[in-house]
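Add chain B to chain A, keeping to what the hints say.
So the protein sequences, as listed, match chains A and B.
Take the first sequence: its letters are residues 1 to 670, numbered as in full-length UniProt numbering.
Take the second sequence: its letters are residues 1 to 166, numbered as in full-length UniProt numbering.
It is worth saying that the hints were derived from the structure and are not from the lab.
None of these values were measured; they are calculated from a predicted model.
Among the clues, some could well be false.
What the hints assert, rightly or not - Pair ranges (Cβ atoms, derived):
1) Gly-568(A) with Ala-107(B): 28 to 36 angstroms
2) Thr-524(A) with Ser-65(B): 33 to 41 angstroms
3) Asp-62(B) with Ser-504(A): 34 to 42 angstroms
4) Gly-146(B) with Lys-161(A): 43 to 51 angstroms
5) Gly-484(A) with Asn-106(B): 21 to 29 angstroms
6) Gly-255(A) with Lys-34(B): 52 to 60 angstroms
7) Gln-326(A) with Glu-125(B): 15 to 23 angstroms
8) Thr-493(A) with Pro-104(B): 29 to 37 angstroms
9) Glu-125(B) with Leu-478(A): 39 to 47 angstroms
10) Lys-50(B) with Ala-448(A): 34 to 42 angstroms
11) Gly-525(A) with Ser-44(B): 26 to 34 angstroms
12) Asn-372(A) with Glu-125(B): 19 to 27 angstroms
Beta carbons: idealized from backbone N, C-alpha and C, even for Gly.
Listed below are the residues making up each chain.
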Amino acid sequence: MVQLAPSAPRAHRNASPSVRGRGGIQKRKAGGTRVDKDGDLVMDPTIAADKRRAARSQLGGSGPSRGQGNGRATGGPPRGADAGLIKAQQAIIRGLNAKSSQANVLESRMTAAGTRLQIEGLSSSKAAANPDGGMESLLAFLERKASAMDTNSNKAVKITKSLKRGDLIIITAGPEDVERIKWLDNFSFAGATLSIKPYELKPDKVGDKKKEDVSPKAQETKEQLRSVLATRYNADLKLLDLSALAKDAGLIQMGVFDGTTTTSKIFPALMVVCDGLFKTRQEKRDAIVSVTLADNELSDVADVSELAQTFPDIQNLDLSRNRISQLDSLDSWGNRLRNITTLILTGNPIEPQLPSLQAELLKKYPRLEILNGIQFRTPEQVATALEVAKFPIGNAPPDFRDVGQVGENFIRQFVVLYDTNRSALLTNFYDDQSVVSTSINMSAPRGATRNTVIIPPWQPYTKFSRNLVKINNLPTQLSRRHRGSQAINTLWTALPATRHPDISTQADKYLIECNPLPGLVDPTGQSPRGVDGLIITMHGEFEEQNDKQEQHLRSFSRTFVLGPGGPGGPPIRVVSDMMNLRAWAPLASARNMAAEPVTAPAPVAATGNPQQEAMTVQLVERTGMTPNYAVLCLTETGWDLEKAFVAFQLNRVCLHFSSSIPSIINKFIG
Amino acid sequence: MHECISNVNLLPGKTSEIFTQSYYPSLSRPHTIKDIPSYYVPLSPSSPLKPSISLNGNLVTDPASLPALFEKQPPKTHYEVQSFDCHVLNANFNIGAPEGLLEPNNAGKKMSIAVTVSGSVRYGEGADVQGFMDNLVLVPNWDVYGKPAKGRRKWIVMSQKFRVVA
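Bound-form chain A, shown alone:
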C-alpha cells in the first residue's frame, strides 16, 4: 500500500500491495525518475513507463529535439519530439477513457520498482548456514558497504524492510540508499557473488496483465499531459505556467477533474511528465527558472508537493491568489526549494503577516531577495548570509599563537623538506621517540568538485592508513604507527613523492593554526610535571608524483606536536605527527566572520612587574630583539630567561637554515 505524505488529504490509492513508502518523496520516486542525494536527476532504467516513453523533448519544442525515435524501447510508432507534441495535441480530441487512463498513469508510477531491490546470492553464500539463513549478516553487509559508497553523504544507509522469497531477497530502502546499494552489484559476500537488481514484479503477479492492456492508454495520457505542458511553457521567460489548472481546457477535456477540483490528482502526473523531459538536473535548471502556481485555490502545497522534487532549482515562484494562510502551509515542500530568490504570495490570506515572517521564510528559502515584488535583500547580502550559514559557529582567521616563531619556522622547513629531502627533515626534527602515522578518509566531502575531479587511486597509501574507524585490529593498528627515525624513514620512503604549494606565494592554499601545549615528556627526565611544547595543525593540499604525468591532488591535514629535543638530538623534536589524507577539495577559507565573540581574546601581556622588566632588559641586551618581542618571548616561555634565550637561539638557527625561503612574515599567520 502506498503511504502518502501525511498532509495529503487524499485517499490511499490501490497499487501493488507490496510497495511501501515513507512519504511524499517516495511517492514520487516510484514515478520513474529519481533525484539522488544531491538532487541530481537519475533515470531509472527499469521503470516500465520509461521504457515505453517516446523520445524526450524539451518543453515547448524551443530547443533542439533530442533522442528521436531510436531512443524508445517499445510502444507506438516513432515520432520526433516536436512532432510528438503536435500529435499529442491532436490526440486530446480522440475519444479516450480519460478517467481510467489517468488512474493508469498513477498506477504505473506506483508499481514501479523504484525503491526495492532484489538480491540473489545469499543462498549460495556461507552465511546461508546461519540460523536466520544469513539474512541479518547480509543486511548488515549491504548497509555497511553501501554507506561507504557515497562520499558526499554523511548519513548511513538504512534498509527499512526485507523479505525472503525463495532464493531472492527483496529489500526496501530510501531512494538515495537504493542507489547506493545498487553499486554493490557483483560484490562478493561470504564466498558468493551478489546480484543486485531493481525488484520487478513477476509476470504472473497481480496487475501485470492489466498493465499490458492499458499501457498504450497510459502512454496516450502522458502525451496529452505533455501537450498541456507545452502550451504552458514560455521558453523566453523560462517560465512554466501552472496557474489555474482547474480551468485548463486541455485538462478539462481529458476529464481528469471529475467534477471536483483535484489538482492533487493531476499535478503529480504533470510533474512525472516534466521529469521525463529532462535528462539531467542541469537541463531542468536551464529550461525552467520560474514557475507560477497562481489561481489554484491552494490552501496548502500538499497537492503540489512534487514541485519541489521535480524542480528543486527554480528561482522564482508565484503563488498569487491562492488560499495560503500560514507559513506551515508551505511545509510540504520542506526545505527543498533552496534557490528561490523571488516569492510572490499576493492575494493570499497570509499576506498581511508576511513582514513578520521574513526570518522564518529565510530558513526555508535562504536565497530569498524579493518578496511580493519588494526587494528586501541585495544579492551581496544573500551571499554573506549564506557564507555565515556555512559557519554557524563562526569562522575566524587562523588562530596562530606561536612561541618565538618555533612553529612558523618548523612549518616553513617542513613543507620544503618533505618534498625535497625527507631524510634531512628527519635529522632536523625527528628522533627515536617521534611517532608518525597516516590515515585516509575516503568518504570526505568534496563540495562542488565531487562530480568534476577524479580521485587518484588510494593504493599508495592504503596499507599505511591508520583510520581507526576502519582499522580495528590491534596488531595492524600498532604496525601502522611508526616510532623512531628509522621506522619513519621506511614509511616516508614508501609514500609517494609530493609537491606542496609554496607557502609564501600561495598562502591561501594553507590554513595553519598553532598554540602552546603543556605536559609533554621532558626528554631530560628532570621535570615530573612535563615540559611545554606546541601543537600545530596544517590544512592544505599537495600534488602527488605519479607515472602517468597527471595532476594528482590530495587534500591533507597534518597535526604536529613539537617539544624540546633530548640530549644529542635535534633541539626541537616532533613528538607526534599525524597526517590525514582526503580526496582533493578546495580549502574552506577562513574569514573574519565571528558572529559575536564568545569570549574576549587574551590581553596582550603588559607587565608592571620589576623582576619581569629586568628580565626583558636582559633578553633585549643578549639578543638584540625589540622589547615588545622580548616580552612576548618571555611570556610564552613562562618568564624563564634561559628558555626564552634558547627559543631565540633556535629561531636564529632556523631562520639561518631557511634563509633561501622568503622570510617575510607569513601571510598565513594573519
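Coordinates of chain B only, in the frame set by chain A:
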C-alpha cells in the same frame, strides 16, 4: 604482564573511539548540547590545567560558554566521524595531578592522547555537506581518577582545534 601491555596498547584507541562516538552525536542533538562542557577540562583559576579551545579560529576560554555557541547550529545539524587516529603524547601526564599521584601508572590511566578526527558536518536540512577536521588532546579527568567514574568522563579535552576545511 603481557595482558597488561596489550591493554595499554588498546587504551588510546579505545579512549579516542569512546570520545568520538559520544562527543559528535552530542553536538548533533539539541538536547545534548548542554552536556558539551562535561567533555572539557573546566576553567578553574586554581588549577594549573587550562582548557585551550579554538573553533574555526575563535578562541573559547571557558568551556561553559560552548553550549551557547553550539546552539547557533541550525536544527538537524549532523556530524559524522569518518576517520580518526591517535597517539599517546605523554604516558605519565601530570599537569593538575594531585600531589602523590606523580608516579607513572602502568595501566595507562595517566596518558595524554592526541586525537585527529576527520569527518563531515551538515549544518541543517538541505545544507551542503562540509568536511571538518578536529584535533584534540585528551587528558585524565583528575576528579574521577582512581575513583568510580559514576558516569563522569575519565578523559577530557585539554586542547581542541576544530576547523571546517571543505
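Could you tell me which of the hints above the structure violates, numbers in ascending order? none
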